[in-house]
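Novice: With chain A held as given, fit chain B onto it using these hints.
Here the protein sequences come in this chain order: A and B. Residue numbering for the first sequence follows the numbering used here, beginning at 28 and increasing consecutively. Residue numbering for the second sequence follows the numbering used here, beginning at 140 and increasing consecutively.
There's no promise every hint is true.
Said to hold, decoys possible - Take a look, some chain A residues computed to stay more than 12 angstroms from chain B by CB distance:
| # | residue |
| --- | --- |
| 1 | N103 |
| 2 | K360 |
| 3 | D437 |
| 4 | P511 |
| 5 | S939 |
What the hints assert, rightly or not - Partner residues aside, some chain B positions facing chain A, computed with beta carbon under 10 angstroms:
| # | residue |
| --- | --- |
| 6 | N165 |
| 7 | R169 |
| 8 | H187 |
| 9 | F226 |
| 10 | G296 |
| 11 | T305 |
| 12 | K311 |
| 13 | T354 |
| 14 | Q358 |
As the list claims (entries may be wrong) - So the derived label-pair ranges between C-beta atoms look like this:
| # | chain 1 | residue 1 | chain 2 | residue 2 | range |
| --- | --- | --- | --- | --- | --- |
| 15 | A | Q1040 | B | G335 | 22 to 30 angstroms |
| 16 | A | I790 | B | D221 | 55 to 63 angstroms |
| 17 | B | L204 | A | G725 | 32 to 40 angstroms |
| 18 | B | K330 | A | E818 | 40 to 48 angstroms |
| 19 | B | L204 | A | E1122 | 35 to 43 angstroms |
| 20 | A | A1085 | B | K330 | 25 to 33 angstroms |
| 21 | B | L204 | A | K37 | 57 to 65 angstroms |
Since the hints were made in silico from the structure, they are not lab data. Note that the Cβ used here is the ideal one computed from N, Cα and C, for glycine as well.
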Amino acid sequence: MKELVDYFFKNESVVSHQIDSYNNFVATLGNPNSVMQQIVDETKVSDEDLPGTIVLDPSKVGGRDIKVYFGRTRDNGKFVGEQTIWVERPEIKEASGASNQIVPNEARLRDLNYMAPIFLKVRVVEDGQEKDSESIKIGEVPVMVRSKICTLYGNNLDQYIEKNNGPTNASRKEKLQYVGEDPDDSGGYFIIGGSERVIVSLEDLAPNKILVEYEEKYETRVEVAKVFSQKSGFRAMTALERGNDGVINVSVPSVAGSIPLVILMKALGMSKDIDVHNSIASLPQIEPIIYANIEESKSPKVFPPNGVNTTEDAITYLEKRFAAGQAKEFREKKISQMLDRSLLPHLGDGVEDRLKKAIYLGRMARSLLELHVGVRKEDDKDHLANKRIKLAGDLLDELFRNAFQSIMKDLKYQLERTYNRKKGIRLKPAVRQDLLTQKMLHAMATGNWIGGRTGVSQLLDRVSNVSTLSHLRRVISPLTRSQPHFEARDLHPTQWGRICPNETPEGQNCGLVKNAALIINVTEGIDPEEVMAFLRSLKVEEVKGENAETGRVYLNGDLVGYYDDPEALTREIREERRNGNLSSEVNVRYDPSTREVIINCDRGRLRRPLLVTRNGDTVITDRMLKELEEGEVGIEDLLKKGAVEYLDAEEEENVFIAVYAYNIPERCPKCSEFLSRNSVRWINPGQGAENPIILECGHCHANFEVERLLTDKHTHVEIDPSLILGVVASIIPYPEHNSSPRITMAAAMTKQSIGLSSTNFRIRSDTRGHVLHYLQVPLVRTRVMDFIKYEKRPGGQNFVVAILSYQGYNIQDALVFNRASVERGLGRSTFFRTYSAEERRYPGGQEDKFEIPSHDVLGARSEEYYKNLDESGIIFPESYVEGSDVLVGKTSPPRFLEEGAEKLGPQRRRESSVTMRPNEKGYVDNVILTVSESNSRVLKIRVRSERIPELGDKFASRHGQKGVIGALVPQDDMPFTEEGVIPDLLINPHAIPSRMTVGHLLEMIGGKIAAQQGRIIDGTIFGGEPEKSLREGLVKSGFRYSSTEVMYDGITGEKFKADIFTGVIYYQKLHHMVAGKFHARSRGPVQILTRQPTEGRSRQGGLRFGEMERDTLIAHGAAMVIKDRLLDQSDGTIIYVCGNPSCGHIAILDRRKGTLRCPVCGNTGNIYPVETSYAFKLMRDELSSMGVMMRLILGDLK
Amino acid sequence: MSLKIIESSDRFMRFSVSEINPSIANALRRTIMDDIPKLAIDKVIFHHGQIRDNEGNVYDSSLPLFDEIVAHRLALVPLITDPKMNFREECSCKGEGCPLCTMSYSINRIGPGLVTSADLQPLGNPELVPSDLEIPIVKLGPKQAILVTAEARMGRGSEHAKWCVTSGVAYKYHREYVVKKSEIENWQNFKDKCPGSVISENDKEIRFTDDYGCTLLYQLLDNPNVERFEDPTTYIFQFETDGSYKAIDVLEYALKRLPQRLNTLLDSLVVQD
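Next comes chain A alone, as it looks inside the complex (with noise of 0.2 angstroms):
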């Protein structure tokens, strides 16, 4: 179906995940029923005020009732109001006072905020006098790139072009070039001060869902049944246990201790012993535990006086717990906080919710109890349907209601304060934007989100193209890594289809971080009273009490209703869900075993696209697949006519997918062209299972028929299996081929190949960047790249490479390179460092300047140091820099102004120039200089160096096989074939037998003889071209079928015994080069502190003689080598010690005097130098502030 995929990646973007989540997330006019304005309607001020409105204190305001309105009115529930809450273009506000709409590539080169003004919109009523509602702006919300309010979305771009006299006729492409930016570029991610940051994807447990489960608790097992409760932003787990007595407690959250069920459930109000039975009992096996509990909870013995019977009863008790010996007041108040906000508060949070709650803990009992005896397994903590991803959108819900709730109670604190009887309230200055933007803003720059946890927001990886896309569609788990949590790492069957089964990384998050598989859709979530009006209609009976008998139905967790025939329901709902009736994000299952309807309709659902089949034939035909490849239809029409459908994990586990509709011959019937799966097309889709099924063959045209593999018990078929990989495991050809390890360290390396990251990187001031110079589109590709646009972003360049052995200059990995292709431009590529400079201003009005700094700068270097620079400090662009050179001259004010002038003589102003990095050396490439948004200019230097591939540098192939040069051998050495051909690249023999990267040999002949024969090879999983195809490719291009070819020793010039196995094949350079990493230090810096050398290379630090080497020489008894470590070429020091027996402190040695004086005993005579290291000296330094006085006591050797 790749007509289908094709049209997936036409239209909607690699990151389109991420964009649609902030689009649903961010206010816009026109969006009325935003997350935003959600949040903004249902934040409370205080616990006493309604939703969406500050009542201010009439006491403070001069007793006059004033409410101020944010949120939109209700009317039953439903939303009637005028939207109140919208965001704006991303802008800028000058120093000036000037706002400007800013375009990405500015926020980046100017070390800007990528964000946007969010504006309230607010109604003042005043003793019930409306006022007129003001629009104020409240804040600023970082944008992210390219979605609805981004600049460079659709329209929004036309306009800032027109607005700033840009080229109106260009093409989108020109446009987006005009603005900087480059065209192919997936956005999804946000910039903050200048640096590109992603929100990565969590992926946390379901929500409102009952779990349950066995835990190890004291070396017994318990059953436990688990609720993470969640309502707009608060989460809080409930949880009932079974211990070994029977009785089972309930744990509720924020309150210490367990408390038993059946209290909790009459404190509730279920006071009848009866209804707290009905609510739990399903089977007679559980029967005995529920009268167990219930008798339990009436023992005088254990409950005094009576026992609990009442509600009254099990409220008293309540209080005697948690609030014993308060006031009555405050126990009820703590008691009532415990029952209705506290305790699962995802059911409401009103005295009216609390049987509603207690029914809900019968539930969560029963199920605990049917784990109890059997009849019910344990949930799957793993399954993909018992877990939520967490988008962008979703993140920054959770920080922009925090920071709203804050700001609108520091507005009514505001109000409340600056309250003037004559002026009446002044909203607009009252409003502290700062307070929103900087929350928002901290979150995202640190990556610090509320609820403490950290790393939520990242650096962006532009390492490569495709290590960008694989950083925004990454999803990690928030399971700490230190614990081994052997069965979250392990690739679960649910994350088919969803989750890259190899592009994880390998160590400590193994199996934590992953990354979603190429085509997904996250679901947004819709309003469960859309899904229960369409139930009522189908005749759901509403929950009265417990009905064992019939099929029970639950909408996102909660059980809505009953209905007699389950099995039937389902059907309807999946049946009016392809009619279109019902919206696509529904999904549901049946559960035989227990009778259960599961529907769903919550956020975060993980889902994948599927064909539906009917009756052994797709629904979908030949000709709606052609409408959408002619832009007739889309996939939303698809969807509505129950062609295709996204199942989430739930569903997923009532159907049976077929993997192929058909198989393929070896070879075309009629052009005897051997076939694959990518190269046949299925021409009569959807024509009925009584037609056979006939393909076209991709080089002949011709049409033969082929046995269907669909059967009527099928429900659905996959669209193509090469889908269950991600972006990045999507770029190695012949995975299938490999063990699965090894396509593990390929994706992992993959994204640290270079090449070219994005086309706009010569105006772009990353501070770290590579470019390769001869690129090259892989000779063996596969689909996939077609969709990312990998061959127009590539990571590497084909190799002619020979696998045999060379001087012991290729053992263990090692590489032996053609120095004549490297000398001819082969794995060539820049790196780039950008340094930037700010004129900072300083307290008091001084501020930084760039200038050569003169004479009299304290700490100025000779003129030498500063003759690349103009006379405005500034260094010409292409001049050569090397060592510590200067990039820019800057001067500082002096560093404490106020400190007596007169006694250190004139204040000077101190150099403070940037700098090369001391191992580093290049040309400068660019020099940017713009002004900050505090109006201080700023200077970004970007000097590029180039990386000639040299001894020691990592290259790898897409099939994990990495290696380090290990020799460059001149070309007349290499060994050659009788025509000629020298290869670029020798690799070892042994890497291959025990590593079992069949695809790498497979890649090599298919990049000869696409060398060979002018065509790109196929090589996508499971459709690329066959092996056999290729061995008779080569037996066409005058090759031998194993690819092998006679060799002649370049040395001897002998003929090699073996024939030799060749071919071409796509390698990539790693970003770990010599160049980067070398480093040696005779002598250098020295710690302040402790004297010892600093610590590594970036610092021109020593090389560290650790414990085992210092061991090493013990055992040889080599003490003066110890001593030469460990004293005199680290921190050895010479102090004088006063040889006073009762003294014993460090004496001074008076340079001008050239006399030795003890200042505590004040000896001068018997006073001896002492060798000890620094660190010695510290100590006792150290100690004697401590007020432990150390005494140095000295002897004569024996």
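Specialist: Here is chain B on its own, set in the frame of chain A:
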């Protein structure tokens, strides 16, 4: 030892040498490969800043490619070489650079347009132009211009690949195949695809007396049913040049160069008493 030229054109040559051994064959191969002196650009001076055309329009000297890439591309352009030119270090100018050892070129182009090797203007001997005139160097955008002077000097391939005159230098052992018609089903195919000059046939078998120009025969290499004779004393060489010299000149030079170097070795030998 005898040498026979089998095929020869301006830029390609195939010849056979017999009665030698692998080390001699290899020495000849290595000489052809990277011991032929040739001109190649070794120094490129870019004009930075504004560039004006005759009408006074201002162009920018920033190129779409980095200067070091352009310089590298220029260095790889094959230049027609005067073999009489000196190596700089052996020249009478003592390495200073003079017309006897150095050849200067310039490029002066304004954008938009593609700068090719044809734009490389020799300043001096007008015959020493690039041997291919359509090699793309850099594509200029509007308002971009390139103003460059470049110096070429003589060098050998062993120093850097830009001084390599030849490519595809290889030899192979002389090989004969005897295909029994009874054993190899598709013998007709092999016969048809190979030049008649190497085929001698009788009822039972076909004898291929050589396999150059007939890659199809390689498939018989690992066929146990084919008799194969390999002669490690007879070699078929082939190579092509980049156009800086004619192929025959390369061979002549190499044949002269080889004994020269051997003599150098001989001269520097110190005979023990």
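Novice: Each hint should be assessed against the structure and marked as holding or not.
Specialist: Right, here's what the structure says about each hint:
1. With a least beta-carbon separation of about 64 angstroms from chain B, N103/A lies farther than 12 angstroms from that chain, consistent with its non-interface assignment.
2. No beta-carbon of chain B is positioned within 12 angstroms of the beta-carbon of K360/A; the least distance is around 72 angstroms.
3. Every Cβ of chain B is farther than 12 angstroms from the Cβ of D437/A; the closest lies at roughly 51 angstroms, confirming the non-interface assignment.
4. With a closest Cβ-Cβ approach of about 50 angstroms to chain B, P511/A is found to remain outside the 12 angstroms limit, as its non-interface label requires.
5. For S939/A, the shortest C-beta to C-beta distance to chain B comes to about 28 angstroms, beyond the 12 angstroms cut-off, and the non-interface label holds.
6. Interface restraint check for N165/B: the shortest CB-CB distance to chain A comes to about 3 angstroms, inside 10 angstroms, so the restraint holds.
7. Annotation: R169/B was flagged as interfacial toward chain A, and the flag holds, the nearest CB pair being 4 angstroms apart, inside 10 angstroms.
8. Residue-level restraint check for H187/B holds (minimum Cβ-Cβ distance to chain A is 5 angstroms; threshold 10 angstroms).
9. The beta carbon of F226/B is not positioned within 10 angstroms of any beta carbon in chain A (closest approach about 19 angstroms), and the interface hint is therefore violated.
10. Interface restraint check: G296/B against chain A, minimum CB-CB distance 8 angstroms, threshold 10 angstroms, status holds.
11. Here the hint on T305/B is kept, as its CB sits about 9 angstroms from the closest CB of chain A, short of 10 angstroms.
12. Hint status for K311/B relative to chain A: holds, with the closest Cβ pair at about 4 angstroms, below 10 angstroms.
13. Of the supplied interface hints, the one on T354/B holds, with its beta-carbon coming within about 4 angstroms of a beta-carbon of chain A, less than 10 angstroms.
14. Contact between Q358/B and chain A, as hinted, is supported at the beta carbon level, the nearest pair being about 6 angstroms apart and thus within 10 angstroms.
15. Distance hint for Q1040/A and G335/B: a CB-CB separation of about 27 angstroms, consistent with the stated range 22 to 30 angstroms.
16. Checking the proposed 55 to 63 angstroms range against I790/A and D221/B shows it is violated: the Cβ atoms sit about 45 angstroms from each other.
17. Checked against the hint of 32 to 40 angstroms, the C-beta distance between L204/B and G725/A comes to roughly 39 angstroms, which is consistent with it.
18. Between K330/B and E818/A the beta carbon distance is about 43 angstroms. The supplied range of 40 to 48 angstroms therefore holds.
19. About 39 angstroms separates the C-beta atoms of L204/B and E1122/A, a value consistent with the hinted range of 35 to 43 angstroms.
20. Under the hint 25 to 33 angstroms, the C-beta atoms of A1085/A and K330/B, about 29 angstroms apart, fit the expected range.
21. At about 32 angstroms, the beta-carbon gap between L204/B and K37/A misses the expected band of 57 to 65 angstroms.
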